[in-house]
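Colleague: Take a look at the letters that make up each chain.
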Amino acid sequence: QVQLVESGGGVVQPGRSLRLSCAASGFSLSRYGMHWVRQAPGKGLEWVAVIQYDGGSKFYADSVKGRFTISRDNSRNTLFLQMNSLRAEDTAVYYCAKDHGSGWTYIDYWGQGTLVTVSS
Amino acid sequence: DIQMTQSPSSLSASVGDRVTITCRASQSISDYLNWYQQKPGKAPRLLIYTTSSLQSGAPSRFSGSGAGTDFTLTISSLQPEDFATYYCQHSYSAPLTFGQGTRLDIK
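Heads up: the sequence lines are chains G and X, in that order.
All letters in the first sequence, in the order written, are residues 1 to 120 by the working numbering.
All letters in the second sequence, in the order written, are residues 1001 to 1107 by the working numbering.
In case anyone wonders, no lab produced these hints; they're calculated from the structure.
Each hint should be verified, as a subset may be incorrect.
Stated by the list, open to error - For each label pair, taking beta carbons as the anchor points, the in silico distance ranges come out as: (1) Ser28/G - Arg1024/X: 31 to 41 Å; (2) Ser102/G - Lys1039/X: 28 to 38 Å; (3) Ser28/G - Gln1079/X: 13 to 23 Å.
In this text, a Cβ means the ideal position worked out from N, Cα and C, and glycines have one as well.
Taking the hints into account, I'd like the entire structure generated from these sequences.
Modeller: The following block contains the structure:
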C-alpha cells in the first residue's frame, strides 16, 4: 500500500534552514507528481509546492517562492523540501502528498506530517 | 492566482441531516475541483475529485457538483464519523490553492 513518511522537522531559529524528506513506498515514485502542503497550528491547509514526475517542472506558493525548493530523487524514492530563510509564519505541520497523475491533478495520498517550529 | 472561498466557515448539524458546503473560485476552473476531509490530528483524506467523482472507499452519501466557478459538496445523511473539517482545492493551474475550510460539528 502507498506510504509516505516525512522526516526532518524540528525547532529552528528564524533565518536558518531546514530540509524535509519524504520516503515513498508502495508505488513507483518516478511516475507521479508530488506536493508539499502545510498547516499552521489551528489553521487551514496551505498548498506549498508541486514537482512533476521527472522533476522537469516545479511550482510554488507565493509565500515561499525564492526561499523554498522542492526536489526529488526517484532512484531513492524520496521527495525533499529545502527551506531557507525561515520565518515564524513558516511554523506548521508539513505534509508530503502524492498526486494522482504525473503533474498535478489531485492529491490522492498524504503522509502523516512533520512539525516545523520556527522560533528563537 | 485563483482564490477559493468556502461557505459557511462553520456549520452545526445533526445526525441524519442533509448538508451542503459551497466553494467559489475567483475565476473559472472548469471542473478541476477536489474535496478533502480532515479530522483533528489527522492528515486530510480525498473524498471527491474533478468536481463529482467519488474517491474509492469514500461513502456514497458524499457527492459533488458544479462547474466553472461554483461548486458544492453534499452529504446526504450525516453520520457521526462525518463531523470534521472539509476543504476544497482547485487543480486548474499552479498555485493549487485550498479554500479556508468548513468546520462541521454536532448540533
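Colleague: Do Ser102/G and Lys1039/X keep their Cβ atoms within the hinted range of 28 to 38 Å?
Modeller: 30 Å, holds
Colleague: Using the Cβ atoms, figure out if Ser28/G sits within 13 to 23 Å of Gln1079/X.
Modeller: Roughly 35 Å apart at Cβ, these two residues miss the hinted range, so it is violated.
Colleague: Has the hinted range 31 to 41 Å been met by the Cβ atoms of Ser28/G and Arg1024/X?
Modeller: Between Ser28/G and Arg1024/X, where Cβ atoms are some 37 Å apart, the hint holds.
Hint check: a violation occurs at hint 3 only; the rest are consistent with the structure.
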